[in-house]
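Participant: Could you build all of it, start to finish, from the sequences and the hints given here?
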Amino acid sequence: MKSTSTISAPEAFYRLFQALPAKERFAAARYILEDEQVRHHFKIPNEVTLAAFAEDKHDMPVFTSMDALGKDLLQ
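Counting the sequence shown from 1 gives a position; this note's numbering is that position plus 5.
If you're looking for bench data, these hints aren't it; they were derived computationally from the structure. Computed from a predicted model, the values in this text were never measured in an experiment. Note that the Cβ used here is the ideal one computed from N, Cα and C, for glycine as well. Take these hints with a grain of salt, some might be off.
To be verified - In silico lysine-lysine, DSS-like type, Cα no more than 30 Å apart, as pairs:
{"hint": "1", "residue 1": "62", "residue 2": "28"}
{"hint": "2", "residue 1": "62", "residue 2": "48"}
{"hint": "3", "residue 1": "62", "residue 2": "76"}
{"hint": "4", "residue 1": "28", "residue 2": "48"}
What the hints assert, rightly or not - What follows is a set of in silico ranges between Cβ atoms, one per label pair, in the way DEER data are often shown:
{"hint": "5", "residue 1": "21", "residue 2": "46", "range": "14 to 24 Å"}
{"hint": "6", "residue 1": "12", "residue 2": "78", "range": "39 to 49 Å"}
{"hint": "7", "residue 1": "36", "residue 2": "57", "range": "32 to 42 Å"}
{"hint": "8", "residue 1": "49", "residue 2": "27", "range": "15 to 25 Å"}
{"hint": "9", "residue 1": "17", "residue 2": "79", "range": "44 to 54 Å"}
{"hint": "10", "residue 1": "37", "residue 2": "78", "range": "28 to 38 Å"}
{"hint": "11", "residue 1": "14", "residue 2": "54", "range": "24 to 34 Å"}
Facilitator: Now the structure itself:
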């Protein structure tokens with residue numbers, strides 16, 4: 006019996022992607038995110054990402070516990 010259901014190419018790609026082991030999915034995602042057309046279309050990196058990279062990480066507080074973080078957030 007002939008099947009009448011069809012899926013789109015993007016859905017087929019995604020199903021194949023989901024079937025990969027996690028390590029291979031992350032490697033594939035890295036290739037996709039490094040693609041210039043994808044980066045341009047989704048505006049990667051965006052202004053928020055660029056601002057985060059520009060922050061001086063030495064000026065950021067380091068918390069040794071969730072309680073310390075909570076106290077700082079509530080100040």
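Participant: A separate judgement is required for each hint: does it hold in the structure or not?
Facilitator: Evaluation of the provided hints:
Taking the CA atoms of residue 62 and residue 28, the gap is about 29 Å. The hint holds against a cut of 30 Å. Restraint check: the Cα-Cα separation between residue 62 and residue 48 comes to about 24 Å, which is no more than 30 Å; the hinted pair holds. A threshold of 30 Å between alpha carbons decides the hint, and for residue 62 with residue 76 the separation of about 21 Å falls inside it, so the pair holds. Between residue 28 and residue 48 the CA atoms are separated by roughly 26 Å; this keeps the pair inside 30 Å, and the hint holds.
For residue 21 and residue 46, the hinted distance range of 14 to 24 Å is satisfied, since their beta carbons lie about 21 Å from each other. A beta carbon spacing of about 45 Å between residue 12 and residue 78 agrees with the range 39 to 49 Å that was offered as a hint. For residue 36 paired with residue 57, a C-beta distance near 23 Å fails the hint of 32 to 42 Å. Take residue 49 and residue 27: their Cβ atoms lie about 22 Å apart, and the range 15 to 25 Å holds.
At about 49 Å, the beta-carbon gap between residue 17 and residue 79 stays in the expected band of 44 to 54 Å. The hinted range of 28 to 38 Å is satisfied by residue 37 and residue 78, whose Cβ atoms lie roughly 35 Å apart. Between residue 14 and residue 54 the C-beta distance comes to about 29 Å, which sits within the given range of 24 to 34 Å.
Against the hints set out earlier in the document, a violation occurs for number 7 only.
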